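*Asks:* This is what each chain is made of:
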Amino acid sequence: MATMLNQQTTSLASIIAKHKSEILSQWIREMSSATRRSDLIKDSEVQSQCARFLDLLGDAAPAGSNIQATAYEPLREMLGEVSRRRAQQGFTPTETATFVLSVKRPLFTAIKEEHAKNASEMATEMWSATELLDSLGLLTTELYLKQREEVIRRQQEEMLELSTPVVKLWDGILALPLIGTLDSARTQVVMESLLESIVQTNSRVAIIDITGVPTVDTVVAQHLLKAVTAARLMGADCIISGVRPQIAQTIVHLGINLLDVTTKATLSDAFSLAMKRAGLTLVRLDANKNGRAKGENQNEN
Amino acid sequence: MAVVSSETIPVVSEPDIVMVRRRVREESLRLGFSLVDQTKVVTAASELARNTLIHGGGGYMDLITLNGPRVGLRLTFNDKGPGIPDVQLALRDGFTTGTGLGLGLGGAKRLVNEFEISSSADQGTRVSITRWK
Amino acid sequence: MEKIPILRMGEFLLVTIQVDMHDRLAIALQDDLTNRISQTGARGVLIDISSLEIVDSFIGRMIGNIAAMSRVLDAETVVVGMQPAVAITLVELGMSLPGVKTALNVDAGMELLRESVNDHKEAEYGSRI
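Residue numbers (the numbering used here), protein chains in the order written: chain A, 1 to 301; chain B, 1 to 133; chain C, 1 to 129.
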């Protein structure tokens, strides 16, 4: 049975070779329906893609109908390229698959011509051609989906990163103002961002401000605790600021144990504490009568 | 068609645990996992490989690369050991305990996206973990 | 079998872990360190793990053990340079290494060690040295 199929696909290759130009022109005409999308892709690009597809299909067909075989690699790669481009250009998966599937009618017309005298051979030939083209069409869809998954994943990452800025308040003191809900995915990105910044800026203190976090329940508290613990393991201390009275109540009611994590009501309180821990202090400059700071050059009197 | 490759690595001695870490690192790197995700899956593999060796009396790990629409790594740890008497108990461990005694299953579970375990006295233990990219 | 080198810096011991240790090597390090502390009377141990890309529960426990055993021998332990990915993973594993002091890098770690040794001396002798 296998050899018969191989013979059939061999003749498929020769059918393609013999009728290439008619198949090509019919195919392109076939695509002048709703799925042509000339708004998204130029005629010349479609034509070259179709021609290339037929060339590669003709080359690979003698190897059989298993499109995973090595002989089909150039064709698979080409379809991968087409899928990628079309995804970028804004085609739907169906439109992309139609690129492949719309070659059926012209191909069948050619097959019909070649096997006009033998109905059973014609049917078998058409069947194996259908199998082949269907798997190629499905492959296009799969590659398209894969590409989309990758784009979505990257966009999600970028979005999460953008919404978690880490700010350097002073040498060795970072601040991470959190806005919005803290779910598991967000915590991951927040933690990674914070810890990377700690290493890059050599900061010993990180202030996590939760003024903008609407609710703090056990889950959120656990997430915060993870971030604080991870920072501590690296050698940095965290202060949690922006703890509203309601949050303090919730924490106590839920029996959440924040262990020895320092918490402050406001960011500025946290900053004062951070400075103190860093051994720094702020000094008010004394202005003399002329508005100059104490100790400034007094030569021009 | 989603499985791209499968490899079996024996886990019968201590250096094998290091080999498990190395192979899982190589594969997750090759698949383009983020550094954090690489670290998580390699660490989970280390925990489970050690279990297979110490509690299971030795066995093997299957390393499977998944390359469908979603890309990922699936690792299954198999042994013909005495099995885990109370799996639920083994999975439950306190979050803040610093000692990490016991099987570390709960910890490994938190490091991966999918976690399956079957264990009995006559069949041994089989743990399967999956980390998606 | 290779051993992890332990350097002496005054009254402190410095260990830099750069290889992916197998369990036996980790246990050997634990033993070596405790022996060296007791031999030299070291007051502090600095463990540099900035090159360690994987810390699983076994290594985590080793670090905890070293800190605990050192304390019994009247020495302070500071672990420095844990990588972010490692910290995140350890926390997820449920290990917080409560008895272990940490610092960002070797400099900060030495500072911490000197401070804590001075604190001890103050407590013992009642004056700043």
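One should not assume that every hint holds.
Stated by the list, open to error - Cross-link-like lysine to any residue pairs, in silico, SDA-like; alpha carbons within 20 Å at most:
{"id": "1", "chain 1": "B", "residue 1": "K133", "chain 2": "A", "residue 2": "E142"}
{"id": "2", "chain 1": "B", "residue 1": "K133", "chain 2": "A", "residue 2": "T187"}
{"id": "3", "chain 1": "A", "residue 1": "K146", "chain 2": "B", "residue 2": "N67"}
{"id": "4", "chain 1": "A", "residue 1": "K276", "chain 2": "C", "residue 2": "R61"}
{"id": "5", "chain 1": "A", "residue 1": "K226", "chain 2": "C", "residue 2": "R61"}
{"id": "6", "chain 1": "B", "residue 1": "K133", "chain 2": "A", "residue 2": "K42"}
{"id": "7", "chain 1": "B", "residue 1": "K133", "chain 2": "A", "residue 2": "E158"}
{"id": "8", "chain 1": "A", "residue 1": "K146", "chain 2": "B", "residue 2": "L31"}
{"id": "9", "chain 1": "A", "residue 1": "K42", "chain 2": "A", "residue 2": "Q26"}
{"id": "10", "chain 1": "A", "residue 1": "K226", "chain 2": "B", "residue 2": "N67"}
{"id": "11", "chain 1": "B", "residue 1": "K133", "chain 2": "B", "residue 2": "I54"}
{"id": "12", "chain 1": "A", "residue 1": "K276", "chain 2": "C", "residue 2": "E111"}
{"id": "13", "chain 1": "A", "residue 1": "K226", "chain 2": "B", "residue 2": "R110"}
Claimed, not checked - Have a look at the derived ranges for each label pair, beta carbon to beta carbon:
{"id": "14", "chain 1": "B", "residue 1": "S34", "chain 2": "A", "residue 2": "K42", "range": "53 to 59 Å"}
{"id": "15", "chain 1": "C", "residue 1": "Q18", "chain 2": "A", "residue 2": "N202", "range": "17 to 23 Å"}
{"id": "16", "chain 1": "A", "residue 1": "N257", "chain 2": "C", "residue 2": "P5", "range": "39 to 45 Å"}
{"id": "17", "chain 1": "B", "residue 1": "S34", "chain 2": "A", "residue 2": "D39", "range": "36 to 42 Å"}
{"id": "18", "chain 1": "A", "residue 1": "S184", "chain 2": "C", "residue 2": "V106", "range": "31 to 37 Å"}
{"id": "19", "chain 1": "C", "residue 1": "A68", "chain 2": "A", "residue 2": "T70", "range": "55 to 61 Å"}
Hints were generated in silico from the structure; no laboratory data involved. Computed from a predicted model, the values in this text were never measured in an experiment. Glycine included, every Cβ here is placed at the ideal spot set by N, Cα and C.
*Asks:* Against each hint, give a clear statement of whether it holds in the structure.
*Replies:* Against the structure, the hints:
no. : hint                        : result
1   : B:K133 / A:E142             : 17 Å, holds
2   : B:K133 / A:T187             : 17 Å, holds
3   : A:K146 / B:N67              : 9 Å, holds
4   : A:K276 / C:R61              : 33 Å, violated
5   : A:K226 / C:R61              : 19 Å, holds
6   : B:K133 / A:K42              : 35 Å, violated
7   : B:K133 / A:E158             : 15 Å, holds
8   : A:K146 / B:L31              : 14 Å, holds
9   : A:K42 / A:Q26               : 18 Å, holds
10  : A:K226 / B:N67              : 32 Å, violated
11  : B:K133 / B:I54              : 30 Å, violated
12  : A:K276 / C:E111             : 17 Å, holds
13  : A:K226 / B:R110             : 13 Å, holds
14  : B:S34 / A:K42: 53 to 59 Å   : 38 Å, violated
15  : C:Q18 / A:N202: 17 to 23 Å  : 21 Å, holds
16  : A:N257 / C:P5: 39 to 45 Å   : 41 Å, holds
17  : B:S34 / A:D39: 36 to 42 Å   : 37 Å, holds
18  : A:S184 / C:V106: 31 to 37 Å : 34 Å, holds
19  : C:A68 / A:T70: 55 to 61 Å   : 59 Å, holds
Checked against the numbered hints above, the structure violates hints 4, 6, 10, 11 and 14; every other hint is satisfied.
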